[in-house]
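Participant: Using the sequences plus the hints, can you model the full thing?
Residue numbers (the working numbering), protein chains in the order written: chain U, 4 to 266; chain C, 4 to 266; chain D, 25 to 331; chain H, 25 to 331.
Please note that the accuracy of each hint is not assured.
What the hints assert, rightly or not - Below, simulated EDC-like cross-link-like pairs (lysine to aspartate or glutamate); rule was C-alpha separation at most 20 Å, straight line:
{"hint": "1", "chain 1": "H", "residue 1": "229", "chain 2": "D", "residue 2": "311"}
{"hint": "2", "chain 1": "H", "residue 1": "229", "chain 2": "U", "residue 2": "79"}
{"hint": "3", "chain 1": "C", "residue 1": "46", "chain 2": "D", "residue 2": "298"}
{"hint": "4", "chain 1": "U", "residue 1": "241", "chain 2": "H", "residue 2": "75"}
Simulated from the structure, these hints should not be mistaken for lab results.
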Amino acid sequence: MLPLEWLLTIQDQTEIAPGIFELRLSGDLAQEKVQSGQFVDVKIPSDALLLRRPFGIANVDAAHNTITLLYRTVGEGTQILSECSQGTELSVLGPLGGHGYPIDQLKPHQKALIIGGGTGIPPLHELSRQLVAKGVQVQHVFGFANQESIFYQAEFEKLGPTAYATNDGSYGYKGHVGLLLDEQFADAATTYDAIYACGPKGLLMAVDNRFSAHPNAYISLEERMACGVGACYACVTKLKVDPTIQLKICDDGPVFKTNEVLL
Amino acid sequence: MLPLEWLLTIQDQTEIAPGIFELRLSGDLAQEKVQSGQFVDVKIPSDALLLRRPFGIANVDAAHNTITLLYRTVGEGTQILSECSQGTELSVLGPLGGHGYPIDQLKPHQKALIIGGGTGIPPLHELSRQLVAKGVQVQHVFGFANQESIFYQAEFEKLGPTAYATNDGSYGYKGHVGLLLDEQFADAATTYDAIYACGPKGLLMAVDNRFSAHPNAYISLEERMACGVGACYACVTKLKVDPTIQLKICDDGPVFKTNEVLL
Amino acid sequence: MTSDLRVSLPGLELKNPIMPASGCFGFGQEYGRYYDLNLLGAFIIKAATKEPRLGNATPRVAETPSGMLNAIGLQNPGIEAIMAEKLPWLAERYPDLPIIANVAGNTEADYVAVCERISQAPNVHAIELNISCPNVAHGGLEFGTSPEAAATLTKACVAVSQVPVYVKLSPNVTDIRPIAKAVEAAGAAGFSLINTLVGMRIDPKTRQPILANQTGGLSGLAIKPVAIRLVHQVRSISNLPIIGMGGVATAGDALELMAAGANAIAVGTANFSEPFACPNIIKALPDELAKYDLHDFKTFAVNQEVL
Amino acid sequence: MTSDLRVSLPGLELKNPIMPASGCFGFGQEYGRYYDLNLLGAFIIKAATKEPRLGNATPRVAETPSGMLNAIGLQNPGIEAIMAEKLPWLAERYPDLPIIANVAGNTEADYVAVCERISQAPNVHAIELNISCPNVAHGGLEFGTSPEAAATLTKACVAVSQVPVYVKLSPNVTDIRPIAKAVEAAGAAGFSLINTLVGMRIDPKTRQPILANQTGGLSGLAIKPVAIRLVHQVRSISNLPIIGMGGVATAGDALELMAAGANAIAVGTANFSEPFACPNIIKALPDELAKYDLHDFKTFAVNQEVL
Ligand SMILES: Cc1cc2nc3c(=O)[nH]c(=O)nc-3n(C[C@H](O)[C@H](O)[C@H](O)COP(=O)(O)OP(=O)(O)OC[C@H]3O[C@@H](n4cnc5c(N)ncnc54)[C@H](O)[C@@H]3O)c2cc1C
Ligand SMILES: Cc1cc2nc3c(=O)[nH]c(=O)nc-3n(C[C@H](O)[C@H](O)[C@H](O)COP(=O)(O)OP(=O)(O)OC[C@H]3O[C@@H](n4cnc5c(N)ncnc54)[C@H](O)[C@@H]3O)c2cc1C
Ligand SMILES: Cc1cc2nc3c(=O)[nH]c(=O)nc-3n(C[C@H](O)[C@H](O)[C@H](O)COP(=O)(O)O)c2cc1C
Ligand SMILES: Cc1cc2nc3c(=O)[nH]c(=O)nc-3n(C[C@H](O)[C@H](O)[C@H](O)COP(=O)(O)O)c2cc1C
Ligand code: FES
Ligand code: FES
Numbered sequence: 004m005l006p007l008e009w010l011l012t013i014q015d016q017t018e019i020a021p022g023i024f025e026l027r028l029s030g031d032l033a034q035e036k037v038q039s040g041q042f043v044d045v046k047i048p049s050d051a052l053l054l055r056r057p058f059g060i061a062n063v064d065a066a067h068n069t070i071t072l073l074y075r076t077v078g079e080g081t082q083i084l085s086e087c088s089q090g091t092e093l094s095v096l097g098p099l100g101g102h103g104y105p106i107d108q109l110k111p112h113q114k115a116l117i118i119g120g121g122t123g124i125p126p127l128h129e130l131s132r133q134l135v136a137k138g139v140q141v142q143h144v145f146g147f148a149n150q151e152s153i154f155y156q157a158e159f160e161k162l163g164p165t166a167y168a169t170n171d172g173s174y175g176y177k178g179h180v181g182l183l184l185d186e187q188f189a190d191a192a193t194t195y196d197a198i199y200a201c202g203p204k205g206l207l208m209a210v211d212n213r214f215s216a217h218p219n220a221y222i223s224l225e226e227r228m229a230c231g232v233g234a235c236y237a238c239v240t241k242l243k244v245d246p247t248i249q250l251k252i253c254d255d256g257p258v259f260k261t262n263e264v265l266l
Numbered sequence: 004m005l006p007l008e009w010l011l012t013i014q015d016q017t018e019i020a021p022g023i024f025e026l027r028l029s030g031d032l033a034q035e036k037v038q039s040g041q042f043v044d045v046k047i048p049s050d051a052l053l054l055r056r057p058f059g060i061a062n063v064d065a066a067h068n069t070i071t072l073l074y075r076t077v078g079e080g081t082q083i084l085s086e087c088s089q090g091t092e093l094s095v096l097g098p099l100g101g102h103g104y105p106i107d108q109l110k111p112h113q114k115a116l117i118i119g120g121g122t123g124i125p126p127l128h129e130l131s132r133q134l135v136a137k138g139v140q141v142q143h144v145f146g147f148a149n150q151e152s153i154f155y156q157a158e159f160e161k162l163g164p165t166a167y168a169t170n171d172g173s174y175g176y177k178g179h180v181g182l183l184l185d186e187q188f189a190d191a192a193t194t195y196d197a198i199y200a201c202g203p204k205g206l207l208m209a210v211d212n213r214f215s216a217h218p219n220a221y222i223s224l225e226e227r228m229a230c231g232v233g234a235c236y237a238c239v240t241k242l243k244v245d246p247t248i249q250l251k252i253c254d255d256g257p258v259f260k261t262n263e264v265l266l
Numbered sequence: 025m026t027s028d029l030r031v032s033l034p035g036l037e038l039k040n041p042i043m044p045a046s047g048c049f050g051f052g053q054e055y056g057r058y059y060d061l062n063l064l065g066a067f068i069i070k071a072a073t074k075e076p077r078l079g080n081a082t083p084r085v086a087e088t089p090s091g092m093l094n095a096i097g098l099q100n101p102g103i104e105a106i107m108a109e110k111l112p113w114l115a116e117r118y119p120d121l122p123i124i125a126n127v128a129g130n131t132e133a134d135y136v137a138v139c140e141r142i143s144q145a146p147n148v149h150a151i152e153l154n155i156s157c158p159n160v161a162h163g164g165l166e167f168g169t170s171p172e173a174a175a176t177l178t179k180a181c182v183a184v185s186q187v188p189v190y191v192k193l194s195p196n197v198t199d200i201r202p203i204a205k206a207v208e209a210a211g212a213a214g215f216s217l218i219n220t221l222v223g224m225r226i227d228p229k230t231r232q233p234i235l236a237n238q239t240g241g242l243s244g245l246a247i248k249p250v251a252i253r254l255v256h257q258v259r260s261i262s263n264l265p266i267i268g269m270g271g272v273a274t275a276g277d278a279l280e281l282m283a284a285g286a287n288a289i290a291v292g293t294a295n296f297s298e299p300f301a302c303p304n305i306i307k308a309l310p311d312e313l314a315k316y317d318l319h320d321f322k323t324f325a326v327n328q329e330v331l
Numbered sequence: 025m026t027s028d029l030r031v032s033l034p035g036l037e038l039k040n041p042i043m044p045a046s047g048c049f050g051f052g053q054e055y056g057r058y059y060d061l062n063l064l065g066a067f068i069i070k071a072a073t074k075e076p077r078l079g080n081a082t083p084r085v086a087e088t089p090s091g092m093l094n095a096i097g098l099q100n101p102g103i104e105a106i107m108a109e110k111l112p113w114l115a116e117r118y119p120d121l122p123i124i125a126n127v128a129g130n131t132e133a134d135y136v137a138v139c140e141r142i143s144q145a146p147n148v149h150a151i152e153l154n155i156s157c158p159n160v161a162h163g164g165l166e167f168g169t170s171p172e173a174a175a176t177l178t179k180a181c182v183a184v185s186q187v188p189v190y191v192k193l194s195p196n197v198t199d200i201r202p203i204a205k206a207v208e209a210a211g212a213a214g215f216s217l218i219n220t221l222v223g224m225r226i227d228p229k230t231r232q233p234i235l236a237n238q239t240g241g242l243s244g245l246a247i248k249p250v251a252i253r254l255v256h257q258v259r260s261i262s263n264l265p266i267i268g269m270g271g272v273a274t275a276g277d278a279l280e281l282m283a284a285g286a287n288a289i290a291v292g293t294a295n296f297s298e299p300f301a302c303p304n305i306i307k308a309l310p311d312e313l314a315k316y317d318l319h320d321f322k323t324f325a326v327n328q329e330v331l
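Facilitator: Rendered as structure tokens:
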């Protein structure tokens, strides 16, 4: 039997940007082998909220027995989570997602382009960390609403060069990530040995289009979920080559190759 | 406008007998004039529990700005309440109950008999305290399941002599309070200037019967409530003289004269 | 920018769309001790029947996850006492507070008699015809589950009423649309949606129902998605105004129900959790609207223009 | 004293009364990774239809207070794939686990074809005839809301089925009793109660329904009181066994529904909150029974004797 449910303890929680929280959870889930892009499903401590909340795993620190989540408060669940104090125990399912970001195919000194937007960025941190640990050279390209909402800048810049696009131009390139890619990473498809993306639908579509023929390009999807393990069919997406075949994002994903699924 | 809702802070909470909790709440409700027998309606900190929980006021300590509740864990609400830690803020309505125990009619050195059972006993503590403060001589007669479940023994004995009945005879008289009254307080109707009771239905019926003609005998009722303020008609009881007239326990009670309502 | 919370429905020019739901606020005397009822948009009083009613035996309420059951059984002092005491009490203290009178009965004649009489009270601006109470042996659901019976009753009540008649429909039906259509054709000024679902709790110890009446009406947050669905469904087949209710506890809930098609909102069970629920929601509405760059309800409920 | 959790229903000799509800546990492969499905009393697989179905567009789920909405739309690989892959997979790994096959369709012919075929699978011990799915354009509710249509369909399915047929009724009806009676007369072995209520959530930002299908089926704790009422109501007019479901998350919930008249219990939404919900409930049942000085289910559900 695979392990699934963990009682993790809130080690600390910090608002690292307006409405963006860094949550460090301690417990033995941190000893599991986690592929970047995999996620956890958190039981929010409220009797009235039956569904768990999925969050990408932003960091695994086996030595300190902790994992880190980064999330934005968007509704009731994340609001309640953000008010939980240190020491609170949370029931967490994970690591979930049959397919995270594949990195085994990359060799030291090869180059990876990591593209992210907003709260799609958290799992890309663990990805970048794992790539750098392998000796892969990473380039980050991130989109945010504005300068204020940028988080984990230092953490990412430690791992590799990071280009920013903001909608209002308050930091880095003005405009969305797609335009930044066109202007400053026009040769990316040939320059980079692997492409990884996570973020809002628009960003994923941009990446899916631009890198549809790239043999090593991956996007991570989000969908409203119930079970998180593949049993309820809530989170399906259709195969591009045959839309009568449906995959489950929670189980067959959340990471898919570009050009693989209908966005 | 009358005050109604208070944010009270849990000062401390102790399990004083198996499953019986003493809960001290601090806040300005303690400055209100409270008639003994009045109650509060506590919002349990759970999103899924919409109805408040009514509890008698066991003690008011204006000097320390606290009130005390004593309750038994019987279901989900009291279970959750018992797990709340110090510092938790609770929304509390009160003092509720248009009619508590009348004591103004008593003079110093007059005698009062206070009869209680189980979790009906809490409001009788504040009653006894107020009576003793007036110089009234109090006698308590309390029923419990067994010795283990007795609580507030020292507190009551400080106020006046206290006779106990337990179902299993493990402490005091063996049997229920009605029998103890018959055997040891047979002249109570003439000996005591006032009779006050609170407890399970059987006890109230015993008191109601024995002291139906006493001019100064009172019982306090319980019923499942929704609003707690008289607006929803959940908690009605019928007048004995005319059962087509219904009174609301939360608002027209919870204290009634003996022989006043149908039990 | 300041907000304009006014909404306008037949018979009801409301300064804001929030009103206590029938049966959850008595005749105002109790909550009136704790806050100024003039804050309310309107107020739907407890059901009025021809004769005084004692209601059901106790226990009358039980708790359920995010909800509650009630089986009050329409206890009320009867139309005469309501006309003589309850309505004048409200008129004297809150002359500008529009009252909606919830009317129930055993027979058509009962309903008609009460509608005729109560609609003459100067502060009654509308009637809410309760053909959906699940907790009484007669009347209630009988009229509410058949389009024909509902239409006949509505027509008779509209004919004698001096004020617009809103018909309160039951969620406990296979298809609400034919009932809504029949009631509209019979002259209803609008709908009131929803009354309670039918539910039960059992005490595992005695294995008997907790409520003396066995079943009770399920209300509160738990039924909000059912209320949204039915308001949306009735809105899809009718342009009549809808007073929406069912599980509204916050300004966000109120807007969700208005987005589904409700023109005004009644708040029931939430008063018990939070006695200041109605004034709290009214206070929070401007900020809630502002979240969506709105400052009034003009773009809500497709039929708002018509009114 | 040790407990005896066995219950016995037509076609189903269960070591305990707890089983995952249809649609909430797939075909067992996923939860089977995390615990031994042999712990279960039985298992109701996801709806099987004649043809493979893609179901509805996403989003397919939304959250509600103490509940959730789903509009999966009966996605399933179709009877042939279920016979060829899903059932053999279960039979191989869990030869002693009784499977109940949930069957759905557009037409009577569809239902009949699937019942005939699936009831021949060696590990299918019973059929749960789904005439109550609110999330599909055809079939589902059409058959479930009329006594005549329900009876005709039941009769046809019973005629071709090699195993007892339990009919899963809808709570979205004015009166469930005539439907239950008709289905009983048509040869049903028992009932399965309840399917989901119909609900809706609206995104206040877009003012559009959250679910792509607009409406969805409401399940979870919120509907428990409705499930209890309907089980109690059907029990009051029939002695057939009832598989009860709707908001069961704890052993206490299970006993409450059994006290209302259910003979066995299916657990749906609770699996999502707590993937070990079923084994947890099974483990807790002896202590929960002991609270009431009981050690088996003999005194539950009036009809237990008959079986
Ligand atoms: C695989 C995966 C990984 C994710 N990783 C992250 C992350 O690392 N950081 C982060 O901030 N967010 C992440 N999200 C989004 C996050 O799950 C939602 O923001 C969160 O569930 C919202 O919960 P709420 O109660 O605050 O919002 P509400 O809107 O109140 O939630 C209501 C329901 O909708 C669901 N829901 C709402 N928004 C989303 C969404 N975008 N995706 C899926 N379900 C949603 C909720 O889970 C809940 O069931 C991820 C989502 C998925 C599917
Ligand atoms: C005026 C009044 C004063 C009370 N004072 C005390 C006191 O001082 N100490 C004490 O221990 N208990 C007291 N009770 C009883 C107390 O309110 C219940 O034990 C408590 O509400 C149970 O809540 P629960 O969630 O644990 O139980 P559950 O059974 O889970 O509660 C479910 C619902 O039933 C209601 N309920 C259950 N039992 C009772 C009951 N006996 N009376 C009224 N409602 C009930 C709950 O309030 C809730 O709405 C008093 C009751 C009333 C009416
Ligand atoms: C205690 C109680 C009493 C009620 N009495 C009535 C009534 O007399 N007439 C009526 O039409 N509805 C009555 N209702 C139904 C409410 O008016 C309302 O339709 C329902 O509770 C749904 O709203 P809510 O979820 O906000 O409570 C009552 C509800 C409750 C909880
Ligand atoms: C995601 C989901 C999918 C479901 N799919 C089916 C189905 O395929 N067939 C069916 O008869 N019922 C289906 N149901 C209904 C459940 O089997 C059950 O009747 C209902 O959810 C009530 O139980 P619960 O409150 O324990 O979830 C589904 C429910 C959910 C939540
Ligand atoms: S969330 Fe259940 S299948 Fe993906
Ligand atoms: S609890 Fe509402 S009237 Fe007493």
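Participant: Each hint: holds or not?
Facilitator: Okay, the hints, checked on the actual structure:
1. With a C-alpha separation of about 14 Å, the suggested pairing of residue 229 of chain H with residue 311 of chain D holds against the 20 Å cut-off.
2. Only pairs whose Cα atoms come within 20 Å are accepted, and residue 229 of chain H paired with residue 79 of chain U is accepted, the gap being roughly 15 Å.
3. Between the alpha carbons of residue 46 of chain C and residue 298 of chain D the distance comes to roughly 9 Å, so the proposed pair stays at or under 20 Å and holds.
4. At roughly 18 Å between alpha-carbon atoms, residue 241 of chain U and residue 75 of chain H fall within 20 Å of each other, so this suggested pair holds.
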